[in-house]
Amino acid sequence: MILIRLEQKQIIGIKFNIMSPEMIRKMAVVKIVTPETYDEDGYPVEGGLMDRRLGTVTPGLRCKTCGGKFGECPGHFGVIELARPVIHIGYAKYIAKILKAICRNCSRVKLTEEERKKFLEKLKRYKGSILIFDVFDEIIKVVKDRKTCPFCGAVQYEIKFENPYNYIEVNPEEKDRKKRERKLTPIDIRERLEKIPNEDLIFLGLDENNRPEWMVLTALPVPPVTVRPSIILETGERSEDDLTHKLVDIVRINKKLMDALEAGAPQPIIEDLWDLLQYHVATYINNEISGMPPAKHRSGRPLKTLAQRLKGKEGRFRGNLSGKRVNYSARTVISPDPNLSLNEVGVPYEVARELTVPVRVTQFNKEFLKKLVKNGPHKYPGANYVERPDGVRINLARVKNLDEIAEKLDIGWIVHRHLMDGDIVLFNRQPSLHRMSMMAHVVRVLPGRTFRLNLTVCPPYNADFDGDEMNLHVPQTEEARAEAKILMLVQTQILSPRFGGPIIGCIHDHISGSYLLTKEGTKLTREELIDLLYIAGILEEVEDKLGDKKEFTGKEVFSLFLPEDISIRFKSKLCKSYKCEKCLEENCPYDAFVVIKNGKLIKGVIDEKAIGAFAGEVIDIIAKKHGFDAARKFLDSYTKFIIAFLMRKGFTTGIDDEDLPKEALERIEEVLKDAIERVKEVIKMYEEGLLEPLPGRSLEETLEMKIMQILSEARDTSGRIANEYLEKQKKENHARIMAITGARGSLLNITQMAACLGQQSVRGERIKRGFINRVLPHFEKGDLGARARGFVASSYKRGLHPVEYFFHAAGGREGLVDTAIRTSQSGYMQRRLINALQDLKVEYDGTVRDARGVIVQFKYGDDGIDPSRSDWGKTLDVKRIVECVLGGKS
Amino acid sequence: MKVEEIEEFFKDLKDKLPENTFKELIEEVSKYKDVTKEDLEKIKNEILKRLEFSMIQPGEAVGIIAAQSIGEPSTQMTMRTFHYAGVAELNVTLGLPRLIELVDARSEPSTPMMVIYLEPEYAKDREKAKMIARELEYITLQDLTEKTEIDILESKIVIYLDTRELKRHELTPEEVAKKIKLKKSNVVVKDDKIEIYVEGASLKELRKVRDNVLDTYIKGIKGIKRVVIRKEGDEYVIYTQGTNLKEVLRIEGIDWRRTKTNDIKEIEEVLGIEAARNALINEIVNTLQEQGLEVDLRHICLLADMMTVDGEVKPIGRHGVAGEKVSTLARAAFEITVDNLIKASIVGETDRLEGIIENIIVGKPIKLGTGIVELVAKREYFKI
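As you go down the protein sequences, you meet chains A and B in turn.
Positions 1 to 890 (the numbering used here) are the ones given, in order, by the first sequence.
Positions 1 to 384 (the numbering used here) are the ones given, in order, by the second sequence.
It cannot be assumed that every hint is accurate.
Listed below are the simulated BS3-like cross-link pairs for lysine-lysine, each with C-alpha atoms no more than 30 Å apart in a straight line [said to hold, decoys possible]:
#1 Lys246(B) with Lys69(A)
#2 Lys93(A) with Lys9(A)
#3 Lys597(A) with Lys364(B)
#4 Lys364(B) with Lys15(A)
#5 Lys178(B) with Lys124(B)
#6 Lys37(B) with Lys23(B)
Derived by calculation from the structure, the hints in this document are not laboratory data.
Treat the numbers as computed from the prediction; the structure is a model and nothing was measured.
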């Protein structure tokens, strides 16, 4: 076998320096001298900004410098020789600092030999890092007010810097105001900078490869046309890039200035032109300089020049380098499909035909791939491209005879075949706030036009089906597929690193169904059970466990899904709805204490706390004890089972779930009336001055607090009354079941529907803005009463009084605004957090270090435990382990 | 089985588990009766298996995970700045604004607050606690004044004292008057009035004097604006609006071990960087917990460690951790792009592409996760 040694070049670093005029000239292939770009025939003018030697952006034309076609030729630089030097705007402030630091006569940094020695040590330490600027600032402080130069003894003038690029020298001895100040021209400045000896550069923070005079431009590099391509509009008109526009301005003024100089024009005219040239060069570099009007396009839009191209969210760095647009991706609406495994994603045929996977032809898959090629791009399991071993790509859509190509197929070719069942893809929903926002799924190609996903993966994506869209990406290499499958597959993400519990779990109907299944009294006949188990796809696995019983309790049924060595005890979600003085644990009268022994559910109901996303103890223990495969199987089969069960049983909610007996309504009304009366009393006390202010609060604040307290109490009491009656009801109340099992909604929601909406608030206070001294004209001026300030005594079911409706809308609007603001704020915070922490990683020695190699933690989290595999943050839940081993015994 | 026996059996787990977990293990096992050696063996094996399963893996991008784990739930936080947290009398910033404030390492929180615990002898006694509280509150004459009058004829300023406030702070008009130190003037106390005679002053001067006088320091600690005493369990605790840790710690009867402030920078100044780190962790944990969000402590610790590694509390943004990165490209990709590039060109910075974002920018594989693995082959393998 012959091994070929591969030569590979790698970037090991990037050095930043200031470009010298010589370099700029050497780099250039053309001297740009004329502002014209095209002649009458539409040909690029030689020596113009679109000179053919600068590269090519039109397909079919060859570059005059390198002969490359469009796409091959990278483009070549040109140069503009400036008639007079101008300041590079980016360095303007720094130049001012240098001028302050050096002698106006001999251009040496005004430090004495001793001071030099002192600073040198520090400077050497920070050499080549922007931290050197801190030292430079110290030097400036020492040096700027020196009256004489320590080297040549020349008297020093004060340098004043005025934005954006004016330098003024002030002679303190001169009495005459007009003569005292003198503007320094770029020529003066360049002269001074040129004289700075090399050994002084370090005191200015400058790298030894730089020369300070390079910051005053004498030659301007002209970027190749590939950087500023012109676009041809639909009208056939040519539209130039902003940069080209700006360069045209520069060349024009430059030429004018040159002519003026040659003709010996008067000084003021030359100065005006020079100023204009300076303005154009400055805005060419940065068009957002403070104190200067931005250069504008004919239409009035400010031009996007060099700095603007790099800056900001859509700039080069954030928009094109940190994040890129990709191929092999698709986006469409999502919809649910409980019959898919949680690892799977349903992909429409339309999408599968467009996305491809490259497969290398081998002796084993040759026939199979031939068939795909024969099918071509339009017939489903087909292929869109084939790639010959010499790298030539053939687009099958353009091939007339597919069979011919298929026959040519041989080992070593690559076929870009359609996406097929079993392929690994990445699936993503924005905003991608955590790593579970992008997970790997296994493809199932299905009819229909939406992506289908299992319901248990909704929580990590934070997805619902009210029109959400999601993205899908197809990894193109074997390595990428392997990593996706091993590290990103949905089942590997069941446990969230945020809190060390499951983030994938049952939701909504799964939970209310589980409750109805496992509560006392639910029984299934053998026929029913076998039917359901068959739907769940685990009949064969559990058939032996069924024995010959004719009837099964819900708890027995649930146990069928559990591995046998699981023993666990915990309080269910249901427990939270009852306020017991002392927990009786397994003797709980509400069956709210769950006991699982050796894989058998002995006591308690299964609800959110057992199997829910974010909370499911049972899912947690299966995933941690038996691995992700077991957890996936449990979720897949159990959710299918429970949905079938619930479908047979029937589950619905309607307005009659909020029906209260007359007696209850009367009691609620009584409570609310009483509360409103009490508020009146408090207000009366306040008006009579009898109210005692709370320490540190004003009288008004105290009053508000008291009223709020009374009203929220009233709402709570009315809610309690409503709940009391709903609980007593003989009929199953599905709304209540959803609330207490954690499936959806809360008791507060039910209270608001059945009893009373309560106080509406804006900014945490009762609503008070509106008309003068009152919120709405329906009330007396100065009315502080409950109803006048946004207390809604009606329930959703009864309907809101128009005034109440208004208050409710005011409160609701605040909520909407709040959410809008919050997303942007927390998004920015997260971006900053990621940026600050992104380089941290665990090394092989167990330490956590940043990019510099600085140790941040000696052992990650002090115990070296992966938070996603910890027990809700604990290193190890020994109680649970001991329970699993010993708990099953007694 | 006896506790000693169990402990003996598990002794080789002692170095592998944190102290508390080990104690818990012994406790839990000894709760059960008739435990056999076999059971213990099973428990031990399970523990070892689980420990290996949950070990963090080299190359894990713990920083990003931490940032996501803190950032993701923060979208669910409330924006409401003011919330009544336990103490109804004090406003405290909570929720997202507070979290942002902490991460920014602001030099002063928007609602500075202290919780002052007392030594046992003071903590149990309401009167004694009140005494200390009174010592704390910063009071100027303004706080005790109901209204003022200027009498030009007699060239005097009359200050009407608020008797209620006086009573609350247990001060007499005489005591207050003593604090007023003015040159060329005569201070006279008449019942609840303080009259200040200023010789030959114009109206303008009188007004100026009045404003100065109202700023007179009476007592208390600077920065402490409002004091509230609350009973927590069986002891009295003082809550204050405004903070001044340095001065408060000097006061006798205060339990300096537990007294705290929510101003991280102040803690750094007074107690040092380690204390600041702990305070930061506590504050973040409390903020998240109050919102009912569950975030692993490890992430918060990592964030706090990153903010404090260099020996001072640094904010997370461009003025701190993210802005002081060694890599030019990383800084340019974050904020202030152009300025960073220009500065880099002056000093001739070299980006060594050691971080993550730099490598993404130049298109190299990143050194994180699976990218941490490098293949080293011996030279002779390349010989044909």
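Results for each hint:
no., hint, result
1, Lys246(B) with Lys69(A), "violated, 73 Å"
2, Lys93(A) with Lys9(A), "violated, 38 Å"
3, Lys597(A) with Lys364(B), "violated, 53 Å"
4, Lys364(B) with Lys15(A), "holds, 17 Å"
5, Lys178(B) with Lys124(B), "violated, 33 Å"
6, Lys37(B) with Lys23(B), "holds, 19 Å"
When each numbered hint is compared with the structure, violations occur for hints 1, 2, 3, 5.
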